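Participant: Order-wise, the sequence lines are chains A and B.
The C-terminal residue of the first sequence carries number 313 in our numbering, and the numbering is unbroken.
The C-terminal residue of the second sequence carries number 278 in our numbering, and the numbering is unbroken.
Think of the hints as simulated: they come from the structure by calculation, not from any bench.
From a predicted model like this one, the values you see are computed outputs, not experimental measurements.
Incorrect hints may have been included.
[What the hints assert, rightly or not] Derived pair list, reagent style SDA-like, types lysine to any residue, alpha-carbon separation capped at 20 Å:
#1 A:K38 x B:L181
#2 A:K38 x B:M176
#3 A:K215 x A:T197
#4 A:K267 x A:A117
#5 A:K38 x B:D180
#6 A:K215 x A:I198
#7 A:K38 x B:N175
#8 A:K170 x A:S246
#9 A:K38 x B:A157
#10 B:K190 x A:E260
#11 A:K170 x A:I87
#12 A:K204 x A:E219
#13 A:K38 x B:E179
#14 A:K38 x B:K190
#15 A:K170 x A:A147
#16 A:K204 x A:E260
#17 A:K267 x B:N175
#18 A:K267 x A:G284
#19 B:K190 x B:E240
[What the hints assert, rightly or not] Every beta carbon over 10 Å from chain B, so not counted as near; a handful from chain A, in silico:
#20 M2
#21 T3
#22 R10
#23 A14
#24 R26
#25 R39
#26 P88
#27 Y168
#28 E219
#29 A258
#30 E260
[As the list claims (entries may be wrong)] Under 10 Å between C-beta atoms, here's a sample of chain A residues computed to sit facing chain B:
#31 V223
#32 R227
#33 R230
#34 E268
Glycine included, every Cβ here is placed at the ideal spot set by N, Cα and C.
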Amino acid sequence: MTYEQLLTRTALADERYIVMTAENRALVRNIPQALGKRFIDTGITEQTMIGAAAGLALRGRIPVVHALTAFLTMRAFEFIRTDIGIPGLPVKLSGFIPGLLSDGNGPTHQALEDIALMRGIPNMEVYAPADETDLELMLPYIWSSAAPSYVRINTRPASVAHQPFEYGKAEVLAEGSDITLLTYGFMLECCQEAATILRTEGKSVGLINMRSLKPADEQAIVAAARNSRLLVTAEDHFLNGGLYSIVAETLLRRRIAAEVVPIGFKERWFRPGLLPDVLRHEGLTGKQIAAALLGCAAGHPQQAAASYPFSE
Amino acid sequence: MHTGWKHLEELALQVRTDIIRMSARGGCFIGASLSAADLIVYLYAHYLNLHPGNLGDPGRDYLFLSKGHDVPALYGTFAALGWLPAERLRNHLSVADHIYWHPNTHIPGIEFHSGSLGHLPSVALGVALDIRLRGGANKVVCVLGDGELNEGSCWEAFMVANAFRLDNLLFIVDRNHFQANMATEDLIPLEPLQDKFRAFGASVRRIDGHDFSAIDTALRDWPFAEGRVNVLIADTLRGKGLPSIERRADRWFCNFTDEEAEQLLQELQGQHQAQLGSQTLVVR
């Protein structure tokens, strides 16, 4: 089933659902015919769409709203925080082409701070599915919950067999004593490949798909820190405010010291281009990640972490 | 009657050729690039006192490309004028260069990055305000898409420009009558557009945006009225020059095969229409 089919089925079964877009129709192309007047396209007006979604929610509706992530979470940020966050209205935000998925668009379209922004809003839940299957496993919960939520939409085909979704739980795909890779969203593809390579090099490698960044599965993070010599956070997001921050906050709160290699973007945007080229250029292919981590695991994780070339 | 437009027509044909080449191997926003091509060529090649060599000149003009998606027209114009080595157009979407789907200042002569709609009206406003503060005859032009006018920030900038009586500022609307997925009038109607701008205090002209004479006649009257911000509504065709994609809602972002691009190049030269099978409306 596709995102669009699941949304159509959900909305047809329950009159409370309204599907909205700020003229971004890639994933809702057939919804106008299916839903009629419960599909609302406000044009290229992200702020007005969010304000209107709050108004609809005040009347008992559950708006599922769509826009490119960069414009949804950034242009409309204060409307989301003030009109949806303060009253805690059940508005469901679906952000298209987050992180690396904006490939050749350039910095205006690179949402690398969406997780940080959205998790900063009290009571907002934040989800980042690894692929379309993962997305469909979590959406029934997300759309039926009473909380406001943000989903970093990802409709790429699955590279792993997923476990059922459980609220507040990460998906532990593997446990390992040498290295545990913690990741979310698109980067699971790269981490899965890296883990496979590292295992052929004799390493015991864990792999965790976070799925939900807020609430984050702190137990999974703590268990990985206790059981693995090296933690790696891999995300197509700025290091500020994303998974690296979440892991740091979690471990500090519990007074756990750990070796952590952060893979993400530090104080810069990525070079625009077609996705496979971008990955190679930024050192984010599974092969490149594995090679860098083999250096870390050789015995000097602190030095290696500091010199990981792709975080700079 | 000015008869010297042949040079601009030749430049525009070259620019359209480059746009078509950029619509393959990753693709580009071809519809909006073709609609804006004549305006961009006229402004850079004929009208403005602006080129990569005079950016430090205190008297030079400014051009802000707010709609962003039409940047292939700008890359093509810069190449045709010798401001950007033509062979670099082959680097479109390469991580080794900076020629991608939206304008950025790594390309000398591009004033400001864009791609998020409704930002440059206010940036252009700031530049025009400073020119007024310091005293200067520099012209400031901001090119907008018609779909872009959905964004409320555009109208805030128009109101503020009116409040400061900025007749050194011109907003040109590339009125190609489409936004990403559909005709503007089928979604968030803009007409009567002149009346909207007039109600915001602007002095408005409306012309055929593919007619160099008409563009020239209008811009010779700058400022259109003393103390009023200028607005030029340029009626254009999405996909202008290629009958097989003109005025089509489903030809926004296109990633054609090399063969389709080759057919489109022939179509541009007046030969038979291209047969296009590539997927359209990929959201970028």
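Participant: Each hint should be assessed against the structure and marked as holding or not.
Facilitator: Verification of the supplied hints:
For a cut-off of 20 Å, the pair hint linking A:K38 to B:L181 stands: about 14 Å separates their Cα positions. The straight-line distance between the Cα atoms of A:K38 and B:M176 is roughly 18 Å, inside the 20 Å bound, and the hint therefore holds. Annotation: proposed proximity of A:K215 to A:T197 is violated, straight-line Cα distance about 28 Å (limit 20 Å). As the CA atoms of A:K267 and A:A117 are separated by approximately 13 Å, the hinted pair is consistent with the 20 Å bound.
About 15 Å separates the Cα atoms of A:K38 and B:D180, which keeps this hinted pair within 20 Å; it holds. The straight-line distance between the Cα atoms of A:K215 and A:I198 is roughly 30 Å, outside the 20 Å bound, and the hint therefore fails. Among the hinted pairs, A:K38 with B:N175 is consistent with the structure: their alpha-carbon atoms are about 18 Å apart, no more than 20 Å. With a C-alpha separation of about 18 Å, the suggested pair A:K170 and A:S246 falls inside the 20 Å cut-off, and the hint holds.
At most 20 Å may separate the alpha-carbon atoms for a hinted pair to count; A:K38 and B:A157 exceed this at roughly 39 Å. Distance hint between B:K190 and A:E260 is unfulfilled; the C-alpha atoms sit about 60 Å from each other, more than 20 Å. Taking the CA atoms of A:K170 and A:I87, the gap is about 26 Å. The hint is violated against a cut of 20 Å. Proximity of A:K204 to A:E219 is assessed by CA-CA distance (about 24 Å); at most 20 Å being required, the pair is judged violated.
Taking the CA atoms of A:K38 and B:E179, the gap is near 18 Å; set against the 20 Å cutoff, the hint holds. Proximity of A:K38 to B:K190 is assessed by CA-CA distance (about 28 Å); at most 20 Å being required, the pair is judged violated. A hinted pair counts as satisfied when its Cα atoms are at most 20 Å apart, and A:K170 with A:A147 qualifies at roughly 18 Å. Under the criterion of a C-alpha separation no larger than 20 Å, the hint pairing A:K204 with A:E260 is consistent with the structure, at around 16 Å.
Among the hinted pairs, A:K267 with B:N175 is inconsistent with the structure: their alpha-carbon atoms are about 35 Å apart, more than 20 Å. Taken as a hint, the A:K267 and A:G284 pair is honoured in the structure, with Cα atoms around 14 Å apart against an allowance of 20 Å. With a C-alpha separation of about 27 Å, the suggested pairing of B:K190 with B:E240 is violated against the 20 Å cut-off. Interface exclusion of A:M2 from chain B stands, the closest Cβ pair being 20 Å apart, more than 10 Å.
Chain B leaves A:T3 outside its interface by the beta-carbon criterion, the shortest separation being 15 Å against a cut-off of 10 Å. For A:R10, the shortest C-beta to C-beta distance to chain B comes to about 22 Å, beyond the 10 Å cut-off, and the non-interface label holds. Remark: the non-interface label on A:A14 is consistent with the geometry, its nearest Cβ contact in chain B lying 27 Å away (cut-off 10 Å). The Cβ of A:R26 does not lie farther than 10 Å from every Cβ of chain B; its closest approach is about 5 Å, which violates its non-interface assignment.
Annotated as non-interface, A:R39 keeps its C-beta farther than 10 Å from every C-beta of chain B; the closest such distance is 17 Å. At roughly 22 Å from the closest C-beta of chain B, the C-beta of A:P88 stays outside 10 Å, upholding its exclusion from the interface. The beta carbon of A:Y168 sits about 30 Å from the closest Cβ of chain B, which is more than 10 Å, so the claim that it is off the interface holds. Under the 10 Å C-beta cut-off, the non-interface status given to A:E219 relative to chain B holds; the minimum distance is some 35 Å.
The beta carbon of A:A258 sits about 38 Å from the closest Cβ of chain B, which is more than 10 Å, so the claim that it is off the interface holds. For A:E260, the shortest C-beta to C-beta distance to chain B comes to about 31 Å, beyond the 10 Å cut-off, and the non-interface label holds. Taking 10 Å as the C-beta cut-off, the interface hint given for A:V223 is violated, the closest approach to chain B being about 38 Å. Violation of the interface hint for A:R227 is found here, the shortest Cβ-Cβ separation to chain B being roughly 39 Å, above the 10 Å cut-off.
Residue-level restraint check for A:R230 is violated (minimum Cβ-Cβ distance to chain B is 34 Å; threshold 10 Å). A least Cβ separation of about 17 Å between A:E268 and chain B goes past the 10 Å threshold, and the interface hint is therefore violated.
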